[in-house]
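> Listed below are the residues making up each chain.
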Amino acid sequence: MKKVIMGNHAVSYGVRLARAEVISAYPITPQTQIVEMLSEFCSDGSLNARFIKVESEHSAMAAVVGASSVGARAFTATSSQGLLLMHEMLHWAAGARLPIVLANVNRAVGPGWNVWTDQSDSLAQRDTGWLQLYCESNQEALDTVIQAFKIAETVHLPVMIVLDAFILSHTEEPVDVPAQEEVDAFLPRYETEWRLDPEDPRAFNMLVAPEHYMEMRLQMQQAMGEAKGVVEAVDAEFGARFGRCYGLVEPYRIEGADTVLLTAGATTSTARVVVDALRSEGQNVGLLKQRLFRPYPVAEIRQFLGGVQKVGVIDRNISYGHEGIFAAELKAALYDLPTRPKVYDLVVGLGGRDVTPATIRGIANYVLAHDAPEPEPVWWEVKP
Amino acid sequence: MSYAIPERELMDSGHVGCPGCGAALAMRLALKAVGDDVVVLIVASCWSIIAGPFPYSSLRVPTLHTAFETGGSAASGVKAALEMRGRPHTTVMTWAGDGGTFDIGFQALSGAVERNEDFIYVCYDNEAYMNTGIQRSSATPLGAWTTTTPVGTPKDTPKKDMVAIMAAHGIPYTATASVAYPEDLVRKLQKAQGIRGSKFIHILAPCPSGWKSEPAETIKISRLAVQSKVFPLYEVEGGRRWTITVRPPQAPVIEYMRRQGRFSHLTSAQIEAIQRNVDEHWAALLAKAEHV
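Chains as they are written, first to last, in this note's numbering: chain S, 1 to 384; chain F, 1 to 292.
Hint data in this document are derived by calculation from the structure and do not stem from the laboratory. Among these hints, one or two may not hold up.
As the list claims (entries may be wrong) - Residues from chain S that keep clear of chain F, each with C-beta distances beyond 10 Å, as calculated:
| hint | residue |
| --- | --- |
| 1 | Val-4 |
| 2 | Val-109 |
| 3 | Trp-116 |
| 4 | His-170 |
| 5 | Asp-197 |
| 6 | Arg-202 |
| 7 | Arg-217 |
| 8 | Gly-225 |
| 9 | Val-230 |
| 10 | Arg-279 |
| 11 | Tyr-296 |
| 12 | Ala-299 |
| 13 | Gln-303 |
| 14 | Gln-309 |
| 15 | Ala-332 |
| 16 | Gly-362 |
Stated by the list, open to error - The list that follows gives simulated cross-link-like pairs (lysine to any residue, SDA-like), each with its CA atoms no further than 25 Å apart:
| hint | chain 1 | residue 1 | chain 2 | residue 2 |
| --- | --- | --- | --- | --- |
| 17 | S | Lys-53 | F | His-89 |
| 18 | S | Lys-53 | F | Lys-32 |
| 19 | F | Lys-191 | S | Asp-197 |
| 20 | F | Lys-191 | S | Pro-201 |
| 21 | S | Lys-383 | S | Gly-110 |
| 22 | F | Lys-32 | F | Gln-193 |
| 23 | S | Lys-53 | F | Gln-107 |
| 24 | F | Lys-288 | F | Pro-158 |
| 25 | S | Lys-53 | F | Arg-85 |
| 26 | F | Lys-32 | S | Lys-383 |
| 27 | S | Lys-53 | F | Gly-197 |
| 28 | S | Lys-53 | F | Ser-110 |
| 29 | F | Lys-220 | F | Val-186 |
| 30 | S | Lys-53 | F | Gly-238 |
| 31 | F | Lys-32 | S | Asp-197 |
| 32 | F | Lys-160 | F | Gly-194 |
| 33 | S | Lys-383 | S | Pro-357 |
All C-beta atoms in this analysis are idealised placements derived from N, C-alpha and C, irrespective of residue type, glycine included.
Looking at chain F on its own, in the form it has when it is part of the complex (with noise of 0.2 Å):
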């Protein structure tokens, strides 16, 4: 069997990553989805940490270091030149978190969007402002303990559905990826590169030291996610054709959130009720999908 993913590093291993974080994981693999003919821009966020301080860079792409909420409009100018300056083919790929992304950027995220600019927006999710050390944002799923949703008053409001947003701009293409499905992530960032107009590409990306989770165990918390069905692995295109691309087995939602303690105040009570909020989630994606 042939191996799907490139082998080619783009990324080199002097990162100041944490032990276990899927952030570095999904820029690793995305460099290699996209290769090098790319222009990478890093909004304000766990990634301005990682990439290595000044003067150097564990990226082997050129890399724009921007304000945390300019990565839809930043990339909308570096492509814009790119075309002026004769590099119409260069991929423009926005890296930003889901701070940058729920929060802070949505509004030039959308802006972006809405234009169609040509570029791939990745977010890697990891659930919360973590680079300011683990307080609440609006991907923050229902139930969690934060440092700004402390367990007496854990996040009481599911996680903004984010990927329907951007569907809802009827933008190309718009999918989840996953760290634990390597060749599905790879796939979904080449498809997207080949597709000319904006591209949203949505990350789970595992955060030991916010999750409260085994560094081991980032992958395997990843897998949980999508087949205990809270982070589904699919695409949209063009806005209405929804395809479940991984087709997950039944895994209850406590094998996902036991490994993890922010989840740990939680009463089984709780636990059910979250149940039931990703079994609706399942059921209205199922009603979407048109392949599974």
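One chain only, chain S, in its complex shape (with noise of 0.2 Å):
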């Protein structure tokens, strides 16, 4: 069924779809209507689950921690400073190995204070054994829920969506609501054999010795390893059912483009309508979005990025004293390559500040023009 709704009220309705059991939140801008409107459907019985309205997001994710240790199926979502208060937590979830899935609405982080997009939050959480897939669409936003949650409980290891603030969050877009049997037949109860079970008595997250440590941690890589072809299978499966798929990476009008764009989140859409513009105009300009950052597509992203001449690189978010997070990876990825592209990072749009078509043709135009990237980050429509 279509609807006309928020990306925040597409992931609730993700995850109504997907039958979560445990709930815990708390609220935060841009975040807050995607818990508000799984509160009303825990009121109103649409959804049978339990919602524990906690005190912080440490607790909010301790909880869902608690839960999903039970075997239950569980969600939490947040922002900025949120994400980074459970931080600790995030950890504890991946290195329990527990398919928590969890929803966070890209905002900048403080101070001073700043409500609007910005990749930093969830960027800053990169190492913490959480997948991580970033959306350009509300419809996506919500498919991703119902995936994520087939990925999390496959490779036992937690899911991060990730959507921009406002532009995603609260801007109201079409989408197609599959059917709760449909996404049931794709999205069968979680069942685990590893939970707190009084008949099958545990112990769990317990001291671990160096003996014993390294090799966990081990597994928590292997199973990174494998969750690439999973999202993957994933995708490919929902793709056959709802008709949608997307891809670790997509490439868009990239066949013969000597200069390619990345992007993740809501700056696709807008980055497509350039390449639209530069391609009817004659310009070699082709684009790839990112989707899935944890863990990194390098075959992907060599697949498409290695035979190319230049990339330009869209990074909402800096690591202070290095570069945008989104070049470096792409960098180290390309390094063992033979030849590889000139990566121009271009850090834009920081704290919310507006990315228009006219942004990326600026960006655009300038990689065109310029032979070599500079050795730093060039800070894109800053004020002197």
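Now that you have both chains on their own, put them together as the hints suggest.
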């Protein structure tokens, strides 16, 4: 059924369709509407779940860690400061190999206070052991929530789905909301033998000496390795059932392109428009949307970008003292290739500053006009 | 006379608690009380070690080791999931030290009991961060030595009144307990288990390493804590009905304190001040208690 809904509510519908059993959350702009609607669903009985209204995001993640340890399907949502407050428990969730799904609405980190979109919050969680999937549209947000549970429950790692503040979270788009029976067939009830059960008592997350710890971490790394194929397979199965799939990365008009823009999140839609315009003007410019950030899709990145001359990376984030994180990761992925493109890092749109078609066109023109990138990232459209 | 404490052991002898550890004995008694239809959460504390290292556990019940400040929050999730998965009867028991309860876990605990989550929260209180080597917490008593309150500047504020704070949340059941009064301890845990909603049990757990006491004197010191009214045994129902469960005889605090090296630096004037503080708290408790 088609509905015109905001990104936050697309996530809520996805969680209801996934039949989450325990939800725990704390309010934070711009995420709050996700859990407000879930609260309504629990209240009106359309979702049979326990909603734990905790006193902080740290407790929200701890509560879903507890719930998932019993073997229930668990969900939470947050943004920015809230995600940062969860940081300790993000490591705990992944280290305990719990298939929790979290929706993070990308928001800048204070100070100064800023509620607008920026990738710094989610990218700061890069090394916690969570999968990360960046969404371009409200439809993709809903679909990715459903996929995320299936991925998480297959690889036993938690999954973070990421959507842009306001540009997606508060913007209404037509979204196809699948039928419950179809989702049930795609995503059956979660069952695991690794759970807290008085009939089969076990201890979890106990003291682990150096003689065992490292192998446990290797297993996480191996699970991340498997996760890439699982994301692909789940996406393909979803596509077969629902007619929509997204890939790990999505090339757009990349055939014969000399220059490719790399984007993640809602900026991708804007970049599509710009690439169409540039192509119609005869410029060989394409686009690669990076949907999967962890595990990093090295092979796909190399496949689509290894042979081009220039890549312009639109980084809505900065690793202070180094460069934009998508650019840094891209360079590392390309390093071992015998020939590789020049990578132009554009830091743009921090704290929700608009990234318009004109912005992206300016970036494309900049990359086209410069034979070599600057040694430092270029801060785009900043005041002197 | 029948023995009031269940004989079944749910804690094995392979635990790695120190000799004379009050916390180890407290767990053994608590598990006897609640039985095996339970999930135990252990937050970062001595008990993260005492339970034993992977792949061994000294507990015969499902156990979730969790982060320091999550005793209230993680238990809420466990209980919700047990209800969703058809086990509403299973008891959820958080097991936390004084640091995890009075300090770092205070917020999550307050949140959980304000929501009246259906679980038992047990604080085994050894009155300092013992696992990291004896640093003061807000449960450390007035005048005590710890490595962060050296004898030149010992703890200069009284212990936080955690039971009063929990009772002020209006939760169904709050109680203190002592390993020197096992029947009272077991009765309180079983009573808590039979009540729906949030229950808070505060157990004094002597730590010979941190209190600088003889391991063989743990029970004697625990009993003196009660008898000197340093740690009275009482319960609070619904945040209003206060009952003293063990009527203590008269014993001066000096009898309790002189068996512990952590108080050995105190002058008689300082001990008198502590005695006055204890007397005031006891008078305040008597004034609140309807039944003695």
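> Are the hints correct? Go through all of them and say.
Status of the hints after comparison with the structure:
1. Val-4: holds, 32 Å
2. Val-109: holds, 22 Å
3. Trp-116: holds, 29 Å
4. His-170: holds, 28 Å
5. Asp-197: Answer for Asp-197 of chain S: violated, closest chain F Cβ roughly 6 Å.
6. Arg-202: Contrary to the label, Arg-202 of chain S does not stay out of reach of chain F, its closest Cβ about 6 Å off (not over 10 Å).
7. Arg-217: holds, 13 Å
8. Gly-225: holds, 24 Å
9. Val-230: Given a closest Cβ separation of 24 Å, the condition holds.
10. Arg-279: holds, 51 Å
11. Tyr-296: holds, 27 Å
12. Ala-299: holds, 35 Å
13. Gln-303: holds, 40 Å
14. Gln-309: holds, 48 Å
15. Ala-332: holds, 31 Å
16. Gly-362: holds, 46 Å
17. S:Lys-53 with F:His-89: holds, 22 Å
18. S:Lys-53 with F:Lys-32: violated, 33 Å
19. F:Lys-191 with S:Asp-197: holds, 23 Å
20. F:Lys-191 with S:Pro-201: Given pair Lys-191 of chain F, Pro-201 of chain S holds - Cα atoms ~24 Å apart, limit 25 Å.
21. S:Lys-383 with S:Gly-110: holds, 20 Å
22. F:Lys-32 with F:Gln-193: holds, 12 Å
23. S:Lys-53 with F:Gln-107: Holds, at roughly 14 Å.
24. F:Lys-288 with F:Pro-158: Roughly 20 Å separates the two Cα atoms, so the pair holds.
25. S:Lys-53 with F:Arg-85: Distance of about 20 Å is within 25 Å: holds.
26. F:Lys-32 with S:Lys-383: violated, 69 Å
27. S:Lys-53 with F:Gly-197: holds, 16 Å
28. S:Lys-53 with F:Ser-110: holds, 13 Å
29. F:Lys-220 with F:Val-186: Roughly 19 Å separates the two Cα atoms, so the pair holds.
30. S:Lys-53 with F:Gly-238: holds, 22 Å
31. F:Lys-32 with S:Asp-197: It holds: about 18 Å lies between the C-alpha atoms, which stays within 25 Å.
32. F:Lys-160 with F:Gly-194: violated, 28 Å
33. S:Lys-383 with S:Pro-357: holds, 19 Å
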